[in-house]
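*Asks:* Heads up: the protein sequence lines correspond to chains A and B, in order. In this text, residue positions in the first sequence follow the working numbering: the first is 1, and each later residue adds one. In this text, residue positions in the second sequence follow the working numbering: the first is 1, and each later residue adds one.
Be a bit skeptical, because a hint or two may be false.
Covered stretches of chain A (chain B as the covering partner; in silico rule of three or more C-beta atoms under 8 Å from a C-beta of chain B) [unchecked claim]:
| no. | segment |
| --- | --- |
| 1 | 33-47 |
| 2 | 87-100 |
For lysine-lysine, the following DSS-like pairs were computed, each having C-alpha atoms within a straight-line distance of at most 25 Å [unchecked claim]:
| no. | chain 1 | residue 1 | chain 2 | residue 2 |
| --- | --- | --- | --- | --- |
| 3 | A | Lys27 | B | Lys37 |
| 4 | B | Lys111 | A | Lys44 |
| 5 | B | Lys68 | A | Lys44 |
| 6 | B | Lys68 | B | Lys54 |
| 7 | B | Lys111 | B | Lys37 |
| 8 | B | Lys38 | A | Lys27 |
| 9 | B | Lys71 | A | Lys44 |
| 10 | A | Lys44 | B | Lys37 |
| 11 | A | Lys44 | B | Lys5 |
Note that these hints are calculated values from the structure, not bench results. Bear in mind the structure is a predicted one, so any value in this text is a computation, not a measurement. Backbone N, C-alpha and C define an ideal beta-carbon position, used for all residues, glycine too.
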Amino acid sequence: NAGVMQNPRHLVRRRGQEARLRCSPMKGHSHVYWYRQLPEEGLKFMVYLQKENIIDESGMPKERFSAEFPKEGPSILRIQQVVRGDSAAYFCASSRDRFNQPQHFGDGTRLSIL
Amino acid sequence: DQQVKQNSPSLSVQEGRISILNCDYTNSMFDYFLWYKKYPAEGPTFLISISSIKDKNEDGRFTVFLNKSAKHLSLHIVPSQPGDSAVYFCAASEGSTGKLIFGQGTTLQVKP
Chain A
1 NAGVMQNPRH LVRRRGQEAR LRCSPMKGHS HVYWYRQLPE EGLKFMVYLQ KENIIDESGM
61 PKERFSAEFP KEGPSILRIQ QVVRGDSAAY FCASSRDRFN QPQHFGDGTR LSIL
Chain B
1 DQQVKQNSPS LSVQEGRISI LNCDYTNSMF DYFLWYKKYP AEGPTFLISI SSIKDKNEDG
61 RFTVFLNKSA KHLSLHIVPS QPGDSAVYFC AASEGSTGKL IFGQGTTLQV KP
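Can you build the whole structure from these sequences, using the hints too?
*Replies:* The following block contains the structure:
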């Protein structure tokens with residue numbers, strides 16, 4: 001999965017803390033998608049961003065979760081006041097275009113809530 | 001409401017034989033379909049895709065077939081190799097945003 005870089009790979013937080021997950025897309029890609037995989041489940045879409053704009057956030061919980069993709073720098077998925085149910089693997093993907101282009105994934109951030 | 005379904009949780013195949021992984025979908029607006037392979041502790045790796053205007057796409061040992069009337073796609077791997085052992089996800093997208101809807105995955109085991 002060279003190209004899409006996510007960090008950290010593992011993140012441990014206590015309940016009530018904030019978690020920040022970072023994603024640098026592949027070179028030349030301006031479309032970023034975030035997905036979440038809960039234990040024993042498949043990947044679920046969270047949010048789609050294109051430089052400085054949120055295009056679709058229909059899969060993101062309404063509270064505590066936010067995402068950004070600034071003009072400079074990586075995309076950030078931010079989870080405030082984390083709860084045990086936020087424990088999951090969070091994957092970022094990028095593509096050249098939204099239409100008929102494969103999305104390439106990073107290796108994910110595994111978030112554990114104590 | 002599972003819009004993309006992989007009804008076989010697991011599949012076991014002998015090395016050198018054909019592996020056939022199946023996927024069904026319900027949303028007729030899906031117009032682009034993909035297959036990914038995933039190893040534990042790694043992200044999904046893109047394998048092959050197909051647009052809804054086609055019924056077949058081939059790339060080396062991997063071929064994807066799309067039957068729009070049946071809302072069914074399949075991935076054929078031939079010949080199967082032990083290194084193909086992984087979890088395979090099919091995914092579908094609708095053109096408006098390109099977000100992917102994933103199936104639950106099928107674990108493929110290729111025995112030497």
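*Asks:* Would you mind marking each hint as holding or not holding in the structure?
*Replies:* So, going through the hints one by one against the coordinates:
{"no.": "1", "hint": "33-47", "verdict": "holds (count 7)"}
{"no.": "2", "hint": "87-100", "verdict": "holds (count 7)"}
{"no.": "3", "hint": "A:Lys27 - B:Lys37", "verdict": "holds, 22 Å"}
{"no.": "4", "hint": "B:Lys111 - A:Lys44", "verdict": "violated, 31 Å"}
{"no.": "5", "hint": "B:Lys68 - A:Lys44", "verdict": "holds, 24 Å"}
{"no.": "6", "hint": "B:Lys68 - B:Lys54", "verdict": "holds, 9 Å"}
{"no.": "7", "hint": "B:Lys111 - B:Lys37", "verdict": "holds, 17 Å"}
{"no.": "8", "hint": "B:Lys38 - A:Lys27", "verdict": "holds, 22 Å"}
{"no.": "9", "hint": "B:Lys71 - A:Lys44", "verdict": "holds, 21 Å"}
{"no.": "10", "hint": "A:Lys44 - B:Lys37", "verdict": "holds, 16 Å"}
{"no.": "11", "hint": "A:Lys44 - B:Lys5", "verdict": "holds, 13 Å"}
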